[in-house]
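Asker: Sequence:
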Amino acid sequence: MSLSWGERRIAVLGATRLALFRRRRGALDLLGGAEYGPAEGPVWSGAAQALERLLGEPGRRRGSLTLVLSSRFVRFALVPWSEAIVSPEELEAYARFRFQEIYGPSADDWLLRLSPSPAGQPRLAAAVERGLVERLQVALKGAGLRLCSVQPYLMAAFNRFAGELPAGDFLFVLAEPGRSSLLLAREGRWASVRSVAGSDDDAALLALVERECELQGLEGEVRAARYLHAPGRTAALAGLRALDLPGTPADVLQAMALAVH
1 MSLSWGERRI AVLGATRLAL FRRRRGALDL LGGAEYGPAE GPVWSGAAQA
51 LERLLGEPGR RRGSLTLVLS SRFVRFALVP WSEAIVSPEE LEAYARFRFQ
101 EIYGPSADDW LLRLSPSPAG QPRLAAAVER GLVERLQVAL KGAGLRLCSV
151 QPYLMAAFNR FAGELPAGDF LFVLAEPGRS SLLLAREGRW ASVRSVAGSD
201 DDAALLALVE RECELQGLEG EVRAARYLHA PGRTAALAGL RALDLPGTPA
251 DVLQAMALAV H
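Those letters in the sequence shown? Residues 1 to 261, by the numbering used here.
Hints listed in this document are in silico derivations from the structure and should not be mistaken for laboratory results.
Hints should not be assumed to be uniformly reliable.
Unchecked claim - Now the in silico label distances, taken between C-beta atoms and shown as ranges: (1) Cys148 / Ser117: 21 to 29 Å; (2) Arg241 / Gly142: 40 to 48 Å; (3) Trp81 / Ala238: 32 to 40 Å; (4) Thr16 / Gln137: 18 to 26 Å; (5) Glu90 / Pro38: 36 to 44 Å; (6) Gly142 / Glu210: 42 to 50 Å.
As the list claims (entries may be wrong) - Think about it this way: if two alpha-carbon atoms lie no more than 25 Å apart in a straight line, the pair counts; the simulated DMTMM-like pairs of lysine to aspartate or glutamate are: (7) Lys141 / Glu210; (8) Lys141 / Asp29; (9) Lys141 / Glu57.
From the three backbone atoms N, C-alpha and C, an ideal C-beta is built for every residue, glycine too.
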C-alpha cells in the first residue's frame, strides 16, 4: 500500500508493546504492532528494535509521524521559577541542572522539554534519552517518514483532559501497565510530579494514591479532587474520578494514540 504525505502516523511505545496507527478523519487504523522484552543496552533498546522492524516492513513509506512514549522512557521534574533566568538558553541550563540534581550525571545529554508557565510559577519538564530519539530518527528516515513530534503520554493525556480539571487543587493519576504517574497542582500551580513502577492491581494503585496524598498533605476537600486515567481498567476505584476518552478504548496503546491532539 502506498501512503501519501498527507496521512499522519502515530507510533506508540508502551511499557512492553508498541503499535503503529494511521489517523484518518479522526479515526485510528492499526497498521501493525509488536511486543518486546529486555534487550542489551539502555532500557529503551528493545522498543527501538521492535519499531525499527515494524517500520522496515514493505508498504510503510512517506509521511509524518508522532511518537508517543510511555512514562517508562521519560523522566520528569519540576523547574522552580527564577527571576535570574532571562533567555531560553539559561532556562534550559537551569532545567538540566535540576535533572542532574535528581538523576545524576546521566541527565547530561538528555533532550529536555518544558511546559509553558506564567511568570512566577514552576514549569513541568520532561526528559528523554537522546540516544532513543536519534536512533528512531534514523529508522524513520530510512522508512521515508518525518518525525513530527515526541510526546510523553503523561503530558498528552493531561492536555487531553485539562478542561475537565479544576483550576485550583487536584491530583491527576495516569495508570499504565506496570507504571503510574502522579501530577499534583495546588492553587493552579504545579506542586509535584512522580512516575513510579508498580503492579496493575487496583488495590496497589489505590495504596499508591493514598501514600502520595499523605506525603503531600492532601486532606479534607482536596480529597475529592483526584482524577484517574487508566485505559484498560474496567472497575471504578473508590475516591478517584475516572477520565475516559470517547468510546473508552480498552486497548492501552489505542488510548495512548487517541490522547494525541
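Asker: Could you tell me which of the hints above the structure violates, numbers in ascending order?
Answerer: 7
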